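Protein sequences appear in the order of chains Z and R. The numbering of the first sequence is the numbering used here, which starts it at 1 and goes up by one. The numbering of the second sequence is the numbering used here, which starts it at 1 and goes up by one.
These are calculated hints, taken from the structure and not from any lab test. One or more of the hints may lead you astray.
[Claimed, not checked] Below, simulated BS3-like cross-link-like pairs (lysine-lysine); rule was C-alpha separation at most 30 Å, straight line: (1) Z:Lys225 to R:Lys59; (2) R:Lys178 to Z:Lys229; (3) Z:Lys120 to Z:Lys185; (4) Z:Lys120 to Z:Lys229; (5) R:Lys188 to R:Lys175; (6) R:Lys97 to R:Lys175; (7) Z:Lys38 to Z:Lys185; (8) Z:Lys110 to R:Lys30; (9) R:Lys97 to Z:Lys38; (10) R:Lys188 to Z:Lys95; (11) Z:Lys225 to R:Lys45; (12) R:Lys188 to R:Lys178; (13) Z:Lys110 to R:Lys178; (14) R:Lys30 to R:Lys97; (15) R:Lys136 to Z:Lys120.
Nothing here was measured: the structure is a model prediction, and the numbers come from that model.
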Amino acid sequence: MDYDEIEQEIGIMQLSDSFFPTGLFATSNGLEFMFSEKTIQDASDLIKIIQINITQQIGPTDCVALAEVFDAVEDNNFEKIIEVDNATFATKSIKEIRDASIRSGIQLIKCVTEFVKDNKILNQYQGNILENNVRGIFPVAFGICCNALKIKKEKSMAMMLYGFSVSVVGAALRLGLIQHFEGQKIIHKIKPIIAQTIQENANRTLSDMWQFAPQMDIVQMSHEKMDSKMFIT
Amino acid sequence: MTHIPRIGIGGPVGSGKSMLIERIVPMLAKKGYSLSIISNDVISKEDADRMRNNLATEKGLLPENLVIGIATGGCPHTAVREDPSMNLSVIEEMETKHSDLDLIIIESGGDNITTTFSPILADYFIYIIDVAGGDKYPRKGGLGIESCDLLVINKIDLANQIGADLEIMKRDAIKIRKGRPFEFINCKTDEGVTKVVEHIVHDVLFDTQPKSLVIK
């Protein structure tokens, strides 16, 4: 039995656990607005929404950023990490989502540096956050933390996409859109979408980064302006 | 980064958390203390908007941008205890940009009697309940009532109307608090509120002068 591998697997569990403090439990990614406007009705609609988010937004942007971070760490290229941090920041056109991504990223780094003390890039990234040289955007911070915990690139991408899916499904559950068994069925149905997205984006570079989900952008902007809401957009 | 003292105020929905803040802020501001308010809300930003309007826009006691609303995704206790990331992040931004502040007040979203604040988030925890919930409230206990630094029992003016016995509440509070402080207040008339302010000045600010009055 490979005990090092078991330790890495536990690291995956730790960072993927909703108990891990990143503040993402408070986000719905626009779902709350669609729910209030009755443009989303049931579990099948929810799967489509998550699929659009994964394939059109997070996959080609955040996953690419995360992949680039892994390559940059391998090359010990911190300048590249700064470049990825800036490029990923520029893709977050919705202010609340942009702010939440930075706040979560910074808190993630702060938390992991509490128990990982000997990782050069992790420490360097935290130092650069404090000096305002990097923003600490979540996908970059997540890639650095996964790397520090010796989690492989593709598995880290799976964790990020899984975490996103769970946060949206969790929001749907709290809104009363679905019940708890449906939530798990949805997560199960999303697994191949996550796997496919990883396959498509794991080897893309920064110049291939893109996103196109204009209707989701409008929904998220509308959510941002809602007077009465439970979730950060 | 400067650590600015932080008070967490938690309590059930409608117990008077926002009202208490609206009462203590003018008293603290009158003493010269500079404050900021972070209002966690289960739904809507109404409390933050109201406090911003009343305390900042109308009375000018603090800048409007120092009253901040945080949506908690329906999990108020998570936002101040298990995963205070968003609150901490806002506080860190504030500590960087506004190191001249004397105090940050963090209001929890309305929650149940098990609410507590993460010790990394709040240096001092005030839990507020109200008489309208019945005189059994202190006796029932719960983490909030038992473990807070100061228990505040609000709306004492309603005791007669709802048949609550304040003496019973006092007896039970003494017993369950094991000698730790509690205060009866009425936010509508400010009765007892000065006592809460005294606790804050003494126990949180250690009777120090406001930063604005300290000669550098």
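Each hint, compared with the structure:
1. Z:Lys225 to R:Lys59: holds, 26 Å
2. R:Lys178 to Z:Lys229: violated, 39 Å
3. Z:Lys120 to Z:Lys185: With Cα atoms ~40 Å apart, Z:Lys120 and Z:Lys185 exceed 30 Å; violated.
4. Z:Lys120 to Z:Lys229: Not OK: Z:Lys120 and Z:Lys229 at ~41 Å, beyond 30 Å, violated.
5. R:Lys188 to R:Lys175: Given that 30 Å is the threshold and the Cα spacing comes to 28 Å, the pair holds.
6. R:Lys97 to R:Lys175: violated, 43 Å
7. Z:Lys38 to Z:Lys185: Judged against 30 Å, a Cα distance of about 22 Å means the pair holds.
8. Z:Lys110 to R:Lys30: violated, 37 Å
9. R:Lys97 to Z:Lys38: Violated, because 41 Å separates the two Cα atoms, which is more than 30 Å.
10. R:Lys188 to Z:Lys95: Not satisfied, since the Cα-Cα distance of roughly 38 Å exceeds 30 Å.
11. Z:Lys225 to R:Lys45: OK: Z:Lys225 and R:Lys45 at ~11 Å, within 30 Å.
12. R:Lys188 to R:Lys178: Given that 30 Å is the threshold and the Cα spacing comes to 29 Å, the pair holds.
13. Z:Lys110 to R:Lys178: Violated, at roughly 37 Å.
14. R:Lys30 to R:Lys97: holds, 23 Å
15. R:Lys136 to Z:Lys120: Roughly 56 Å between the alpha carbons, so the hint for R:Lys136 and Z:Lys120 is violated.
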